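There are 2 protein chains.
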Amino acid sequence: MTDLNNLISPFYLKDKEIRKIIEIIFFSYRDFTEGPDRVLEKLNFGRAHHRVIYFVGKKKNITIKNLLRVLKITKQSLSRVLNQLVKEGYITVSTGLDKRTKTLLLTDNGYNLEKKLSSIQTNKIKTTLGNFNEDAINSFKKILFEMIETDNKRIFQQLNE
Amino acid sequence: MTDLNNLISPFYLKDKEIRKIIEIIFFSYRDFTEGPDRVLEKLNFGRAHHRVIYFVGKKKNITIKNLLRVLKITKQSLSRVLNQLVKEGYITVSTGLDKRTKTLLLTDNGYNLEKKLSSIQTNKIKTTLGNFNEDAINSFKKILFEMIETDNKRIFQQLNE
DNA sequence: ATAATTAAGTCAATATGACTGACCTAAATA
DNA sequence: TATTTAGGTCAGTCATATTGACTTAATTAT
Numbered sequence: 607m608t609d610l611n612n613l614i615s616p617f618y619l620k621d622k623e624i625r626k627i628i629e630i631i632f633f634s635y636r637d638f639t640e641g642p643d644r645v646l647e648k649l650n651f652g653r654a655h656h657r658v659i660y661f662v663g664k665k666k667n668i669t670i671k672n673l674l675r676v677l678k679i680t681k682q683s684l685s686r687v688l689n690q691l692v693k694e695g696y697i698t699v700s701t702g703l704d705k706r707t708k709t710l711l712l713t714d715n716g717y718n719l720e721k722k723l724s725s726i727q728t729n730k731i732k733t734t735l736g737n738f739n740e741d742a743i744n745s746f747k748k749i750l751f752e753m754i755e756t757d758n759k760r761i762f763q764q765l766n767e
Numbered sequence: 607m608t609d610l611n612n613l614i615s616p617f618y619l620k621d622k623e624i625r626k627i628i629e630i631i632f633f634s635y636r637d638f639t640e641g642p643d644r645v646l647e648k649l650n651f652g653r654a655h656h657r658v659i660y661f662v663g664k665k666k667n668i669t670i671k672n673l674l675r676v677l678k679i680t681k682q683s684l685s686r687v688l689n690q691l692v693k694e695g696y697i698t699v700s701t702g703l704d705k706r707t708k709t710l711l712l713t714d715n716g717y718n719l720e721k722k723l724s725s726i727q728t729n730k731i732k733t734t735l736g737n738f739n740e741d742a743i744n745s746f747k748k749i750l751f752e753m754i755e756t757d758n759k760r761i762f763q764q765l766n767e
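Sequences listed follow chains A and B, in order.
Under our numbering, think of the first position of the first sequence as 607, with each following residue one higher.
Under our numbering, think of the first position of the second sequence as 607, with each following residue one higher.
Honestly, the hints are just simulated from the structure, not real lab data.
Note that this is a predicted model, so its numbers are computed, not measured.
Heads up, some of the hints might be wrong.
[As the list claims (entries may be wrong)] Cut-off 25 Å, straight-line C-alpha distance, at most; resulting in silico cross-link-like pairs (DSS-like, lysine-lysine):
(1) A/747 / B/620
(2) B/626 / A/664
(3) A/666 / B/622
(4) A/748 / B/622
(5) A/705 / A/666
(6) B/730 / B/748
Let the sequences and hints guide you as you build the complete structure.
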């Protein structure tokens, strides 16, 4: 049986149109990560390193635990990536007030790499958004934000407090 | 030195705001793929299998070569995933008119799995978009589409001819 | 003061998705 | 006939992630 919804929903909510959105999301995300990936490759780093650098840069003195909450990977996975970044001088580790915890901070090199990687993405976004008005941009942000699960919306907001 | 652009650009194009968009893209994409991933896990498939099933479903009788063009992976990478899908009865392979080529088609099982996986995503999109008006939705689609590189825009359009 | 919990780390094994490089066959095209 | 194209395969490697088991040190609860 065909979807009854399709009989009453407007054109832009029909299945074929929604599937196009799936594809647009797939292609745009792939292109969005491709730029940084190419830079990381030369350093023998991967996308996982970018994420760590990004969020350590975002939340100075973030703890391992909170970083894991954001990244939603296991500590074993983080361990390898983080140790490489520390060993190669992009991140420093200190002991937190709670002495069980460790806090992370970008070094100057780490800051520079973060800037280099993120600016590829911010430039792409700026260039794209430059062709749209404020209303369109707000709609874009709101819709994308609403596609995030509740728990992760909270994490996003905590990151931006 | 701080970015001179920031002195003249509007609030919503300032670096801090653009960085929020990077995060929203990261979180929303992760949540977008999470649903299908959980279903695939039970079948001992991964996201790569989903992509193959999706695009074979999209373009009936697609050739290996064209599938590789869309996926942008090596034939060795595709080989493993595709062979599993054929062996487990989700996809059938035939010889094309040009007898060097092979064409791919979903079986009934493949169609059902495709539907199951994609409907998780289409439902999520439908639910989210339901709260927005047509203008907002069009802005969302246009901006996301403009973030795709030219070559891949063409591939997207060929898929939807 | 002791017990329980928490934060972090480590060892080992495994899966998935991707890559490079080399090489092969068969069919189509120049 | 020679070259190109479509597809396949073998082998090795790498990156990202997982589960499970276990340890240490510090904090918190009883």
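Results for each hint:
Among the hinted pairs, residue 747 of chain A with residue 620 of chain B is consistent with the structure: their alpha-carbon atoms are about 14 Å apart, no more than 25 Å. A distance of roughly 10 Å separates the Cα atoms of residue 626 of chain B and residue 664 of chain A; the hinted pair therefore holds under the 25 Å criterion. Of the supplied pair hints, the one linking residue 666 of chain A and residue 622 of chain B holds, its CA atoms being roughly 15 Å apart against a limit of 25 Å. Straight-line distance between C-alpha atoms of residue 748 of chain A and residue 622 of chain B comes to about 16 Å, which keeps the hinted pair within the 25 Å bound.
A threshold of 25 Å between alpha carbons decides the hint, and for residue 705 of chain A with residue 666 of chain A the separation of about 17 Å falls inside it, so the pair holds. For a cut-off of 25 Å, the pair hint linking residue 730 of chain B to residue 748 of chain B stands: about 19 Å separates their Cα positions.
The earlier numbered hints are all upheld by this structure, with none contradicted.
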